[in-house]
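Asker: Letter by letter, the chains look like this.
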Amino acid sequence: MKPKNILILSVILLLIVVGFMAGDFFFSKGPNQENPYEYDLTKQKEIDSSLICYQEISSIKPETDYLYGIATDENDNLYVAAIEKLFIYNSTGHLINTIQLKDNAYCLTVAPSGNIYLGMADHVEVWNKEGNQLQSWPGISDSSIITSIAVNETSVFVADAGNKVVFHFNLNGELQNKIGEKDTENGKLGFILPSAYFDLLIGRDNELWAVNPGIHQLESYRSNGEMITSWQRTSMQLDGFSGCCNPSHIAMLSDGSFVTSEKGIERVKIHLPTGDFKCVVASPDQFIAGTTDLDLAVDTKDRIYVSDPKKGLVRIFEKMNK
Amino acid sequence: MKKQIIVILFLIFTSLQFTSVFAQQRFPKPEFESGHTQPPTLKPEARAPILEYLDIVVLLVSLSLVTWLVLKKRSRIGVLLMSIFSIAYFGFFREGCVCSVGSLQNIVLAIFNPGYHIPISVLVFFAVPLLFSLFYGRTFCAAVCPLGAIQDFFLLRPVSMKAWVQSVLGVIPYIYLGLSILYAATSTDFVICRYDPFIGIFRLNATFMMFVLGGAFLLISMFIGRPYCRFLCPYGVLLNLTSRLSKKHLTITPAACIQCRLCEDSCPFGAINKPVPAKVAEDRKTIIRRYSWMIILIPVLMFIGGWTVASFHETLAKVNPKVRLASIIHENPTILDEDTSIDIDAFRSSGKTRAELFTEAADIVSDFYLGGWISGAFLGLVFGLTLTKLTIIRYRIDYTPNKGTCFSCARCVDYCPVVKDKIEIKTLKI
Numbered sequence: 001m002k003p004k005n006i007l008i009l010s011v012i013l014l015l016i017v018v019g020f021m022a023g024d025f026f027f028s029k030g031p032n033q034e035n036p037y038e039y040d041l042t043k044q045k046e047i048d049s050s051l052i053c054y055q056e057i058s059s060i061k062p063e064t065d066y067l068y069g070i071a072t073d074e075n076d077n078l079y080v081a082a083i084e085k086l087f088i089y090n091s092t093g094h095l096i097n098t099i100q101l102k103d104n105a106y107c108l109t110v111a112p113s114g115n116i117y118l119g120m121a122d123h124v125e126v127w128n129k130e131g132n133q134l135q136s137w138p139g140i141s142d143s144s145i146i147t148s149i150a151v152n153e154t155s156v157f158v159a160d161a162g163n164k165v166v167f168h169f170n171l172n173g174e175l176q177n178k179i180g181e182k183d184t185e186n187g188k189l190g191f192i193l194p195s196a197y198f199d200l201l202i203g204r205d206n207e208l209w210a211v212n213p214g215i216h217q218l219e220s221y222r223s224n225g226e227m228i229t230s231w232q233r234t235s236m237q238l239d240g241f242s243g244c245c246n247p248s249h250i251a252m253l254s255d256g257s258f259v260t261s262e263k264g265i266e267r268v269k270i271h272l273p274t275g276d277f278k279c280v281v282a283s284p285d286q287f288i289a290g291t292t293d294l295d296l297a298v299d300t301k302d303r304i305y306v307s308d309p310k311k312g313l314v315r316i317f318e319k320m321n322k
Numbered sequence: 001m002k003k004q005i006i007v008i009l010f011l012i013f014t015s016l017q018f019t020s021v022f023a024q025q026r027f028p029k030p031e032f033e034s035g036h037t038q039p040p041t042l043k044p045e046a047r048a049p050i051l052e053y054l055d056i057v058v059l060l061v062s063l064s065l066v067t068w069l070v071l072k073k074r075s076r077i078g079v080l081l082m083s084i085f086s087i088a089y090f091g092f093f094r095e096g097c098v099c100s101v102g103s104l105q106n107i108v109l110a111i112f113n114p115g116y117h118i119p120i121s122v123l124v125f126f127a128v129p130l131l132f133s134l135f136y137g138r139t140f141c142a143a144v145c146p147l148g149a150i151q152d153f154f155l156l157r158p159v160s161m162k163a164w165v166q167s168v169l170g171v172i173p174y175i176y177l178g179l180s181i182l183y184a185a186t187s188t189d190f191v192i193c194r195y196d197p198f199i200g201i202f203r204l205n206a207t208f209m210m211f212v213l214g215g216a217f218l219l220i221s222m223f224i225g226r227p228y229c230r231f232l233c234p235y236g237v238l239l240n241l242t243s244r245l246s247k248k249h250l251t252i253t254p255a256a257c258i259q260c261r262l263c264e265d266s267c268p269f270g271a272i273n274k275p276v277p278a279k280v281a282e283d284r285k286t287i288i289r290r291y292s293w294m295i296i297l298i299p300v301l302m303f304i305g306g307w308t309v310a311s312f313h314e315t316l317a318k319v320n321p322k323v324r325l326a327s328i329i330h331e332n333p334t335i336l337d338e339d340t341s342i343d344i345d346a347f348r349s350s351g352k353t354r355a356e357l358f359t360e361a362a363d364i365v366s367d368f369y370l371g372g373w374i375s376g377a378f379l380g381l382v383f384g385l386t387l388t389k390l391t392i393i394r395y396r397i398d399y400t401p402n403k404g405t406c407f408s409c410a411r412c413v414d415y416c417p418v419v420k421d422k423i424e425i426k427t428l429k430i
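If you read the protein sequences in the order shown, they are chains B and Z. Residue numbers for the first sequence follow this note's numbering, beginning at 1 and rising by one. Residue numbers for the second sequence follow this note's numbering, beginning at 1 and rising by one.
Hints should not be assumed to be uniformly reliable.
[Stated by the list, open to error] Cut-off 27 Å, straight-line C-alpha distance, at most; resulting in silico cross-link-like pairs (DSS-like, lysine-lysine):
# : chain 1 : residue 1 : chain 2 : residue 2
1 : Z       : K162      : B       : K4
2 : B       : K85       : B       : K129
3 : B       : K2        : Z       : K162
4 : B       : K4        : Z       : K247
Because the hints were derived from the structure by calculation, they are not lab data.
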């Protein structure tokens, strides 16, 4: 190629480069629609369908704008805490009673005796199925945020996210002791609760199971506060939990496996008693993005109930026959 | 010498503005109320201050060595070796930062933004090459600047360029300088760093666009010598101006020029002034008339330039993120409720009101208006002085480097057959 042509081409390329730089600087700066720091969970929300072991069989739609919590009893009745109401459904899904409450109950459980324990903002109320209030315990403290209640034959355990501790009461509401208090001198981290997600359940041996969501750990305690065991699964994959406060809710199947739900990644899974991942009950694509408060309950047939506040449903899942 | 003293005093005065050179923590660690103990933040170790001073020492030694190689040893090989070192150290090892070219913006920002504290190394990297240039010509460009050195290595088949093309393209660095100062002064952006075409190559990490940009410049460098240095580098404008005042600049011949014309085409950068035969001197009246016209024309050009650039001040200001955001919200007030862009999110979480944002944006636009007048006037001045220069015929009898545009690369010295002191021709010794 002749030098003159090379020069012309080079100058043209130079002008193109300079023009491109100017164009890029002045004209390519529209509103930035992409957040480069966004926590992109798209990949984490993809679930292999072969890992799904439950299917949705029906749902219940209570007459309310929001669902706070659900529980089942030994007769497979379903109790739904909603805005200043408590709905009771029988095992076939028919509404059998609606109890008007003075305030919202944010969590609930049904004792072996059949009494219903409601966690109000800072205190516990005890009701029977017929709608009679049996007890109203005094408030625990001004900073209390009761997020879960678990009851066995002799004890009532109250998870207080405000005080970051589980209060152990007897059935009359007398405080017995505190469980899981932070004690750094003895290496006890306490419950790490970045937000008000702090769930409890009673295990098959009457032991207390509590979620330590900040470290993605489930911990079991004796009623005297002594820790029995724990398992932790921190993972960005399906086999564990991630984020600030997961699992947000737990329930237990008859074989001792744990049903877990999460916030951030809207999914319900089953973990074996050892903590290892077993299978998926409901995948993120079954929920509206951003759904939280997926409270869980399990009936005697190991059907799993999931409260879905965004859709206003209690969704019922049954094990698939594979 | 008076001019040099004035420039030195200016640099000393500028240096005194930057007494505090220590970095500060800009973003305090957020405090959570959950009681959760915040784990210590893991971050790369800050560069040790000793290494910062090492950079300064390396710069000073390199500049001194290159200056010695160019002026005393007249060694092209030495310059080449130093170029390799500069590419390795200032380029790949220091990853193109700290860089004299970009330091210009830090200086401007420090002048216009009292909250910005400039590191001592940046100040030295800005001032020292200018000082060397003031006394010895652009020896910094010869082999210390990694941007120039890497282009020089790609110069495989230089093609000579017409003087008028060089003059036209040579306006771009002045525009670039004006814009980069304007955007740095308004704390908008460091344009020079954003569009440094070789930084991605030195860091072996860049966006695709920046790699393409760097690749394009290196491709052009194969035929047009140092295209970035000659037709874009804003720092080169300053070096050009200071170098014109240098007394001990590189000479093509070590003694008297014998007019052999061997060096005539040796410079791939078109930086050799050729002899201009003496003509009949113009009469005094013609000279006075021409200068009178120029005295009138330059302020007019400055006014036109200032008015023109200031007219575009709103367009120029839209590059500023705050102005851009204010503009978007002004055009579509409901965007605050529906849009989820990072800019809108950041504004929402800042807690500021729209009125506050609009006031701040208006202040910035006002700064751009003033800056537009100054930048435009500067460009008008450059244009006027260039015209003036074209009308002045300087008679020369020897081949001499153009002190402003010469990179002191010492290519031309190898073409000169004259031997120093002996006043004899090399070829005669053979």
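Asker: Run every hint past the structure and note whether it holds.
Answerer: Each hint tested on the structure:
no.: 1; hint: Z:K162 <-> B:K4; verdict: 10 Å, holds
no.: 2; hint: B:K85 <-> B:K129; verdict: 13 Å, holds
no.: 3; hint: B:K2 <-> Z:K162; verdict: 15 Å, holds
no.: 4; hint: B:K4 <-> Z:K247; verdict: 36 Å, violated
Violated hint: 4 only; the structure is consistent with all others.
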